[in-house]
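**Student:** Here is what each chain is made of, one letter per residue.
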Amino acid sequence: MLKIENLHVSVEGKEILNGINLEIGAGEVHAIMGPNGSGKSTLSYILAGREGYDITEGRVLFNGKDLLDMSVEERAWAGVFLAFQYPVEVPGVSNIYFLKAALNGIRKHEGLSELDAMDFITRVKGKMKDLDMDEKFLYRAVNEGFSGGEKKRNEILQMSVLEPSLCLLDETDSGLDIDALQIVAEGVNRLRDPNRSFVLITHYQRLLDYIKPDYVHVLAHGKVVKSGGPELALELEKHGYAWVEEKLAS
Amino acid sequence: MSVTHLPNAHYSDLIASDNNHLIGGDIDWLNSLRKKASEEFTGVGFPSPREEEWRYTNISPIEKSQFALSKQAGSVNSAFLSSVLIEGCHHLVFVDGFYQAELSSIDGLPEGVVVSPISNSLNDYESLVKSLLDSVVETPALGFINFNTALFTDGAVISIEENTTVEQPIQVAFVSSKEGALSISNCRNVILAKASSKATVIETYNSVDDSCYLTNVITEVVVEPNANLTHNRLQAESLKAYHIGGVYSRLEKNAIFNQNNYTFGAVISRAEIHAELGEASDCCLDGLYIAEGHQLIDNHTRLNHLHPHSISNETYKGIMNDRSRGVFQGRIIVAQDAQKTDAKMNNRNLLLSDHAEADTKPQLEIYADDVKCAHGVTVGQLDDAAIFYLRTRGADEQMAKNMLTFAFANEMVERISFNPLRIKVLEQLVKRFPQPGMKLEWL
Ligand SMILES: Nc1ncnc2c1ncn2[C@@H]1O[C@H](COP(=O)(O)OP(=O)(O)OP(=O)(O)O)[C@@H](O)[C@H]1O
Ligand SMILES: [Mg+2]
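First to last, the sequence lines map onto chains V and S.
With my numbering, you'll find the first sequence wraps up at 250, consecutive numbering, no jumps.
With my numbering, you'll find the second sequence wraps up at 1443, consecutive numbering, no jumps.
Check the hints yourself; a few may be wrong.
Derived DSS-like pairs: lysine-lysine, alpha-carbon spacing no greater than 27 angstroms straight-line [what the hints assert, rightly or not]:
| hint | chain 1 | residue 1 | chain 2 | residue 2 |
| --- | --- | --- | --- | --- |
| 1 | S | Lys1064 | S | Lys1240 |
| 2 | V | Lys108 | S | Lys1431 |
| 3 | V | Lys226 | V | Lys3 |
| 4 | S | Lys1194 | S | Lys1240 |
| 5 | S | Lys1036 | S | Lys1240 |
| 6 | V | Lys100 | S | Lys1431 |
Some residues of chain V that are not near chain S, with every Cβ distance over 12 angstroms (derived) [said to hold, decoys possible]:
| hint | residue |
| --- | --- |
| 7 | Lys3 |
| 8 | Ala26 |
| 9 | Gly58 |
| 10 | Gly64 |
| 11 | Val161 |
| 12 | Ser174 |
| 13 | Asp177 |
| 14 | Gln182 |
| 15 | Asp209 |
| 16 | Pro230 |
| 17 | Glu231 |
| 18 | Leu236 |
These are calculated hints, taken from the structure and not from any lab test.
Every residue, glycine too, gets a C-beta built ideally from N, C-alpha and C.
Start from the sequences, fold in the hints, and give me the full structure.
**Tutor:** This is how it looks when you write it as structure tokens:
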């Protein structure tokens, strides 16, 4: 589904991603861990299409197509979704219109007709119930004044409504209380599907207790320095990142 | 009299000519009021850009245009008129500055309430008109005020009886016809909300086509003790027209006055919105302006807190696209006696193009020591992070920008409680909206 080859990215001459190679198959769940500042969010932004970076080398294929050549919205239409580490507040645009515009925008590009108002509201309210979100959030401006945890839950709501095929979750677990973490994890697990892949960026093993990854990668200094199965996350939890660095050095 | 700006010979000639189309020619006090204004105009003329109050708004195109005086109403077809009239209102319709009885409809007014054109009021309500006319206006727009006083052809007289609520808003519709092209219409409105009364007035300005003309209008408002008046103006003139307007109000003790000013039209639009606040009165000024092309929209507001315990709350938002300009001057004066004044002013501008401009100037003059005054102004562009976020969810770039721009404007539209007016403002928003592909249902 996604193939990242030798990706180099810099900002104002400073190299942030330093030759990333990563392959994610359909239906797989990959966890990416790594110290602060190692480039995890930058990678997710690059995949989503944010401007302001120089991609100096490498390429990214999404279902065989050159992802880096697509505009932000084309990526969304093609099924890429990023749950932001820091979701953006959009004053004045209500959550419900936002979701409707997003969903219908994507449906249009899938050749589907716009969902009628009733079907839409039923679908959204069902998903909100699953995520234990109060319906009043629908009528509030997108993320405006939401608590940290509420914002994260709102990201997962959008993901559930839009049903993308590649879900990038950047520290969705940070800021969630224990119950919310479980609810959100269940929301993600409900979406698991042989045709849908997940990239979970996280600092904590706990998320991976709830969402079992197929692969775990460690990102350091803009590079994947180690990859393994779920047990790698446990080892990291035990030994810290210094352990990876030491092993690399030796 | 000192001459700072050469009075324009063409317009001085218009004033001096035999204007027997004007109403009230047989009324002495009115004649002398007009005469005094004529003389002052002939001495000073229209304001020059050298005057501080007109620094950003050069009206020389008006002087060069050499407009004629509108002397009669042109024709307006019923389809156009129905697009202008707001449902659920009493309607007073003026075409090219002249009252049109057959297009107006006023019925079921409570006892003692007057809603009438000045042209029909000089017999029955002469003393009412006399007491209000020229009683509230001040001088910053002197040239235009004098021109109006000397030459107004008609306008609305509205008087709300004590302890009376007029449920239906009163729409005063000013329409410019095809025949009104290249002329000036001067209308003058006077509104009196007597003690403990309540009413809503909506002034609208529309043109049947895209012709060039000048609207020079003044509204004088008196809100008596404990009365509650809402006054709206929806300016949607032709984009080639000029609009010079003013709302001058006096709030007496415990009066409530809400003035909402929605500006979309005219190539040059200037509005003076002034209020004198009496003891414990409450004044709310809302403004929304959207400019495109080469439009210049200039709003000068002035809140004069004269007595203790009054409250003012002002919010103006502007959106400028292309090479347009928005000018906002918000002046708050707190007199020495006006202790415990609470005044808030906010002006926010959104620039959608690199060539658009916003000039915003809050001015606080505070002579009392125990007051709360807060003001803020911003000039900004759409938030790139928000655009990116919307696009990651599948909104294309244009849609993302539209949604954000709409959201910015909609904050003001949402505050309109009378739904038919809200819809009219939304229609203008959609129509004048600088970007295509915008959808009403987003709001
Ligand atoms: N626009 C930018 N300009 C300058 N430096 C940047 C920019 N974006 C990212 N960086 C730098 O790149 C590095 C990687 O940042 P990134 O946000 O990707 O880290 P991260 O792995 O997500 O960290 P965290 O775990 O704290 O979220 C950091 O050192 C950051 O300061
Ligand atoms: Mg990060």
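**Student:** Does the claim that aspartate 177 of chain V lies off the interface hold, with its Cβ farther than 12 angstroms from every Cβ of chain S?
**Tutor:** Check passes; 24 angstroms lies beyond 12 angstroms.
**Student:** Going by Cβ atoms, does glutamate 231 of chain V stay more than 12 angstroms from chain S at every point?
**Tutor:** holds (33 angstroms)
**Student:** Are the Cα atoms of lysine 1194 of chain S and lysine 1240 of chain S separated by 27 angstroms or less?
**Tutor:** At roughly 39 angstroms apart (the allowed maximum being 27 angstroms), lysine 1240 of chain S and lysine 1194 of chain S break the hint.
**Student:** Closest CB-CB distance from glutamine 182 of chain V to chain S, is it above 12 angstroms?
**Tutor:** holds (25 angstroms)
**Student:** Assess, step by step, whether the Cα of lysine 1064 of chain S is no farther than 27 angstroms from the Cα of lysine 1240 of chain S, and give holds or violated.
**Tutor:** Answer holds: lysine 1064 of chain S to lysine 1240 of chain S is near 14 angstroms, not above 27 angstroms.
**Student:** Quick check for students: does the CB of glycine 58 of chain V sit more than 12 angstroms from each CB in chain S?
**Tutor:** holds (21 angstroms)
**Student:** A cut-off of 12 angstroms on Cβ-Cβ distance, and aspartate 209 of chain V was said to be off the interface with chain S. Does that hold?
**Tutor:** Fine: 28 angstroms to the nearest Cβ keeps aspartate 209 of chain V off the interface.
**Student:** Evaluate the condition: distance from the CB of alanine 26 of chain V to the nearest CB of chain S exceeds 12 angstroms.
**Tutor:** holds (21 angstroms)
**Student:** Please verify whether lysine 1036 of chain S and lysine 1240 of chain S have alpha carbons no more than 27 angstroms apart.
**Tutor:** violated (32 angstroms)
**Student:** Starting from lysine 226 of chain V, check that the Cα of lysine 3 of chain V is at most 27 angstroms away, please.
**Tutor:** Since the Cα atoms of lysine 226 of chain V and lysine 3 of chain V sit roughly 17 angstroms apart, the hinted pair holds (cutoff 27 angstroms).
**Student:** Quick check for students: does the CB of serine 174 of chain V sit more than 12 angstroms from each CB in chain S?
**Tutor:** holds (18 angstroms)
**Student:** Decide, holds or violated, for the assertion that all CB atoms of chain S are farther than 12 angstroms from the CB of glycine 64 of chain V.
**Tutor:** holds (21 angstroms)
Comparing the model with each earlier hint shows violations of hints 4, 5, 11; every other hint is respected.
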